[in-house]
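Chain by chain, the residues run as shown.
2 protein chains.
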Amino acid sequence: MSALRTSLARLSAPRWSGAVSRARVLPAVRTQIRTYKADPARDAMTGEIIQLPDIDSNLTKITLTDSPKKRPASSKLVFGHTFTDHMLTIPWNSATGWANPEIRPYGPLDLDPSCTVFHYAFTLFEGMKAYRNADGTVRLFRPDKNMARMNRSAARIALPTFDGAELTELIKKLVMVDKDWIPQDKGFSLYIRPTLIATQKALGVGPSSDALLFVICCPVGPYYASGFKPVQLLATTKYVRATPGGTGSYKLGANYAPGIVPQKEAMAEGYSQNLWLLGDEHALTEVGTMNLFVAFKQADGSVELCTPPLDDVVLPGVTRDSVLEVARDHASGKTPIPGLPADIKVSERKLIMKDLVDAEKNGTLLEVFGTGTAAIISSVDKIGYEGRDLIIPTGPAGMGAISKAMLDRIVGIQTGEIEHEWSVVANDVKI
Amino acid sequence: MSALRTSLARLSAPRWSGAVSRARVLPAVRTQIRTYKADPARDAMTGEIIQLPDIDSNLTKITLTDSPKKRPASSKLVFGHTFTDHMLTIPWNSATGWANPEIRPYGPLDLDPSCTVFHYAFTLFEGMKAYRNADGTVRLFRPDKNMARMNRSAARIALPTFDGAELTELIKKLVMVDKDWIPQDKGFSLYIRPTLIATQKALGVGPSSDALLFVICCPVGPYYASGFKPVQLLATTKYVRATPGGTGSYKLGANYAPGIVPQKEAMAEGYSQNLWLLGDEHALTEVGTMNLFVAFKQADGSVELCTPPLDDVVLPGVTRDSVLEVARDHASGKTPIPGLPADIKVSERKLIMKDLVDAEKNGTLLEVFGTGTAAIISSVDKIGYEGRDLIIPTGPAGMGAISKAMLDRIVGIQTGEIEHEWSVVANDVKI
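Heads up: the sequence lines are chains A and B, in that order.
Residue numbering for the first sequence follows this note's numbering, beginning at -14 and increasing consecutively.
Residue numbering for the second sequence follows this note's numbering, beginning at -14 and increasing consecutively.
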């Protein structure tokens, strides 16, 4: 990336400062206030288009707000209700490819009512977090995983794919532009929401000719503001979240709206979320909008840490993958984790409700927890199933030993307390 | 409805004329250019809100465009690409209920990028048609069915329900305001798209605090512009459209985007749409975005006209229901239809691929057709299944006798050529 090719307008926002010095940024402002248009690659002989432009972070136009919002006190933050001053937008068209990225003041999208996102649920998204240290270091967590999954989701509904490394660079730029919005309080972070929607102005059911990728950010507090609160699940056979041949393993909007009524029904019965089952054997798949882990005590005294296989129905969660890798590296002796049982076996295998019912009866059900970007680790202390409640130990602190060790390890990596390749520093990005 | 309570602004659009005379409308314009606000019903003693305002067509504000668009020639119309001059919008909020309806110039929606429709596929829609006769009569077809289904879809994803009769009145108003857009050419109509989206400006996964119901309209040509063209289906077991416990029987946006890639794959193999199968027996469910009918010759010489039962996986199509009712009234002798076999049995029953394979082998497979609002009846002449093609007779005109008789009957009712309670005249609506 070359700072020379970056255009930056209205550098008047008073909050602008940081690791990228003004001196390095300002020359670009003065000379480059214009829109770049990426051109498609053409065959030198025939002039035919051979490749449409991909996302190019070098061509970013940055327009800073001249009316920055007042930032609420960290203690007042409600998840997903407060947005930072800027957003990233990148339009796409099937004939011209990805247009130039723009970082601009957060504001409404102006969309024709015929846009296909409004009619056929052409939408997909990611959830990521950025952490800021006392020394100003801003870190993302495994952004490559989100980029790969976002591309996989896009391909599933015929939306355009893109260079994930370039979108990561753009997210770094956006996060650095709005870095003062990242609370430094312990457990606080910036939630980042990349979204891709179809914007074709026509009602036919078919691939969209147009799309818009945008990224918005919200400062968020710790999921457990006042200590760990275990969640209670209602195992449902009335509703099915995902089925083989469906879209459950993709992060599509289409997987979410249908889960609200089941969740309301679970809450009306005194549970906080659904445990999604599948098939006649009542195989466990996911928990609310999280992946699921179960720890069993084995006959030989060892522990089995289990999660359902992805197959075609489980979302490939970044936290799920991280828990698996942390546990496997511990089990192999590569990176032992304090607090984890020494003798642990890690399985991705089919789990059915009978496994849990039997283990509860035998006293071998150690822990159940959900994993996701928002909560990271969320303990489960009760599962309503076929008219009775399975009770799951969580310990006096509201979180079992395995859950707690996992949470500490992953948060340690996310915040940079533990040096790890999963933590990606954003400060060195060119703006 | 009282014309007095209707406000109408900017009556300058040159195309304004019609069954509702200027004389009856103009006084309202002069005196009523203001926004009405429906108030919630309150308990007379406590002042507590006991019922939030429902949709009220009497409170409609109409603002006509002062720059009407040029209407394209009927022959140039592409389905869903041309929109009329006006649209209907009705916002909803969980604390204040349905706001006043507004008919206003067609234009973009201004939505915050955090709106839940962009992230979690909170969207549902309907498809309806209006026909205009030479004498100026404008007709809707069974709007009560669409309203009932739209409410059912809304409840499924925790969006607000409403008085369907009131929305029908509003659709009549919109259609009459834009009635000059309805082509009078034979087979042409106005496609009407009521849509309901969630507009809460917050990322939490939960019921939306805000919603927007809007209706847009497009003039459309006959589905078979140059004679009946049968479609070719690829029976798919790789992708599943709907599953018990899922949302396949609701008209949610979420059911549509996931079907595009399967359709592209079918087209790459030389078929036009997918035949959606379910379960190990390969039960037939739907065709592309249409319901499915199969006609078999029985051993006794009679005909069985079959469609899969709705159960939890098949959309309750208005055309599907109409075909069933027309066929049953014919079979019972109540309303005999010319061209239909006298001895016909009508079944909603499970249909599996083996039924079709056997019938093709025995020569008892008479017809296969899809039903939907766009095409009404769409003949099928080929089904690719497990590596070979089932060939289905369609006759020299590209449409079998049963399909043709159904198409003629339903179009006759829709256009008013056949007097029927299903056809609802819009001209008498108060504007």
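Derived from the structure by calculation, the hints contain no laboratory data.
You may find that some hints are simply not true.
One copy or any two copies: either way a pair holds, since identical chains are not told apart in the list.
Each computed DMTMM-like pair below joins lysine to aspartate or glutamate, with the alpha-carbon atoms no more than 20 Å apart [as the list claims (entries may be wrong)]:
hint : residue 1 : residue 2
1    : K54       : D195
2    : K186      : D70
3    : K61       : D170
4    : K186      : D97
5    : K186      : D95
6    : K214      : D343
7    : K249      : D195
8    : K335      : E402
9    : K55       : D97
10   : K171      : D413
11   : K164      : D296
12   : K186      : E310
13   : K171      : D340
14   : K319      : D297
Taking the hints in turn, this is what the structure says about them:
{"no.": "1", "hint": "K54 - D195", "verdict": "neither (31 Å within a copy, 23 Å between copies)"}
{"no.": "2", "hint": "K186 - D70", "verdict": "between (29 Å within a copy, 15 Å between copies)"}
{"no.": "3", "hint": "K61 - D170", "verdict": "within (13 Å within a copy, 61 Å between copies)"}
{"no.": "4", "hint": "K186 - D97", "verdict": "both (6 Å within a copy, 19 Å between copies)"}
{"no.": "5", "hint": "K186 - D95", "verdict": "both (12 Å within a copy, 15 Å between copies)"}
{"no.": "6", "hint": "K214 - D343", "verdict": "neither (25 Å within a copy, 59 Å between copies)"}
{"no.": "7", "hint": "K249 - D195", "verdict": "between (35 Å within a copy, 17 Å between copies)"}
{"no.": "8", "hint": "K335 - E402", "verdict": "neither (35 Å within a copy, 60 Å between copies)"}
{"no.": "9", "hint": "K55 - D97", "verdict": "between (31 Å within a copy, 18 Å between copies)"}
{"no.": "10", "hint": "K171 - D413", "verdict": "neither (23 Å within a copy, 65 Å between copies)"}
{"no.": "11", "hint": "K164 - D296", "verdict": "neither (38 Å within a copy, 52 Å between copies)"}
{"no.": "12", "hint": "K186 - E310", "verdict": "neither (44 Å within a copy, 36 Å between copies)"}
{"no.": "13", "hint": "K171 - D340", "verdict": "neither (38 Å within a copy, 64 Å between copies)"}
{"no.": "14", "hint": "K319 - D297", "verdict": "neither (31 Å within a copy, 50 Å between copies)"}
Consistency with the previously given hints fails for numbers 1, 6, 8, 10, 11, 12, 13, 14, ordered from lowest to highest.
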